[in-house]
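2 protein chains.
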Amino acid sequence: MKARIHITLKNGVLDPQGKAVAHALESLGYAGINDVRQGKYIEIDLAKNDADTTRETVERMCRDLLANTVIENFTVEVG
Amino acid sequence: MKARIHITLKNGVLDPQGKAVAHALESLGYAGINDVRQGKYIEIDLAKNDADTTRETVERMCRDLLANTVIENFTVEVG
Numbered sequence: 000m001k002a003r004i005h006i007t008l009k010n011g012v013l014d015p016q017g018k019a020v021a022h023a024l025e026s027l028g029y030a031g032i033n034d035v036r037q038g039k040y041i042e043i044d045l046a047k048n049d050a051d052t053t054r055e056t057v058e059r060m061c062r063d064l065l066a067n068t069v070i071e072n073f074t075v076e077v078g
Numbered sequence: 000m001k002a003r004i005h006i007t008l009k010n011g012v013l014d015p016q017g018k019a020v021a022h023a024l025e026s027l028g029y030a031g032i033n034d035v036r037q038g039k040y041i042e043i044d045l046a047k048n049d050a051d052t053t054r055e056t057v058e059r060m061c062r063d064l065l066a067n068t069v070i071e072n073f074t075v076e077v078g
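Order-wise, the sequence lines are chains A and B.
For the record, in the first sequence the residue sitting at position 59 is 58 according to numbering that gives the first Met the number 0, with numbers rising by one throughout.
For the record, in the second sequence the residue sitting at position 78 is 77 according to numbering that gives the first Met the number 0, with numbers rising by one throughout.
Watch out, some of these pointers could steer you wrong.
Claimed, not checked - Capping the alpha-carbon separation at 25 angstroms, the derived lysine-lysine pairs in BS3-like fashion look like this:
(1) 1/B x 18/A
(2) 39/A x 1/B
(3) 18/A x 39/B
(4) 47/A x 9/A
(5) 1/A x 47/B
(6) 39/A x 9/B
(7) 18/B x 39/B
(8) 47/A x 47/B
(9) 47/B x 18/A
(10) 1/A x 9/B
(11) 1/A x 39/B
(12) 47/A x 1/A
(13) 9/A x 9/B
(14) 18/A x 39/A
(15) 1/B x 39/B
(16) 47/B x 1/B
(17) 18/B x 39/A
(18) 18/A x 47/A
(19) 9/A x 39/B
(20) 1/B x 9/A
(21) 9/B x 39/B
Derived from the structure by calculation, the hints contain no laboratory data.
Start from the sequences and build out the full structure, keeping to the hints where you can.
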């Protein structure tokens, strides 16, 4: 079963990578950029067939390794 | 108007970052991991009100800067 994980910085946490992307886009001539935030997207294919246990396992993976929950939020979609 | 961009490696392109995540999860005791693929997730807030021109602009940004279209696919959601 596949799980898709989005990991994003919490509101209020500075995002230098996003700022760098915004500046690079502006230097290429793009105008009207209010904000850019960069996060991570991870797809995990697990040898499980049950959506609930897959979600529970993947959320545990996020807390254990994938996300820094002090500064990052994560969302998990299963299916 | 906000746009959400997913940038993922094309099928067949090696993903060492995903492999590293898979090994790290296995060393933490997680079993049954078939595959991990890591991509990027970018949110851009643009000073535009029209969904079509926003999508067109953001797709141009992806081709110009954000994605390496030789090895990466990108998808854009607007709204």
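Hints versus structure:
no.: 1; hint: 1/B x 18/A; result: holds, 16 angstroms
no.: 2; hint: 39/A x 1/B; result: holds, 17 angstroms
no.: 3; hint: 18/A x 39/B; result: holds, 15 angstroms
no.: 4; hint: 47/A x 9/A; result: violated, 30 angstroms
no.: 5; hint: 1/A x 47/B; result: violated, 35 angstroms
no.: 6; hint: 39/A x 9/B; result: holds, 16 angstroms
no.: 7; hint: 18/B x 39/B; result: holds, 16 angstroms
no.: 8; hint: 47/A x 47/B; result: violated, 43 angstroms
no.: 9; hint: 47/B x 18/A; result: holds, 19 angstroms
no.: 10; hint: 1/A x 9/B; result: holds, 17 angstroms
no.: 11; hint: 1/A x 39/B; result: holds, 17 angstroms
no.: 12; hint: 47/A x 1/A; result: holds, 9 angstroms
no.: 13; hint: 9/A x 9/B; result: violated, 29 angstroms
no.: 14; hint: 18/A x 39/A; result: holds, 16 angstroms
no.: 15; hint: 1/B x 39/B; result: holds, 16 angstroms
no.: 16; hint: 47/B x 1/B; result: holds, 9 angstroms
no.: 17; hint: 18/B x 39/A; result: holds, 15 angstroms
no.: 18; hint: 18/A x 47/A; result: violated, 39 angstroms
no.: 19; hint: 9/A x 39/B; result: holds, 16 angstroms
no.: 20; hint: 1/B x 9/A; result: holds, 17 angstroms
no.: 21; hint: 9/B x 39/B; result: holds, 13 angstroms
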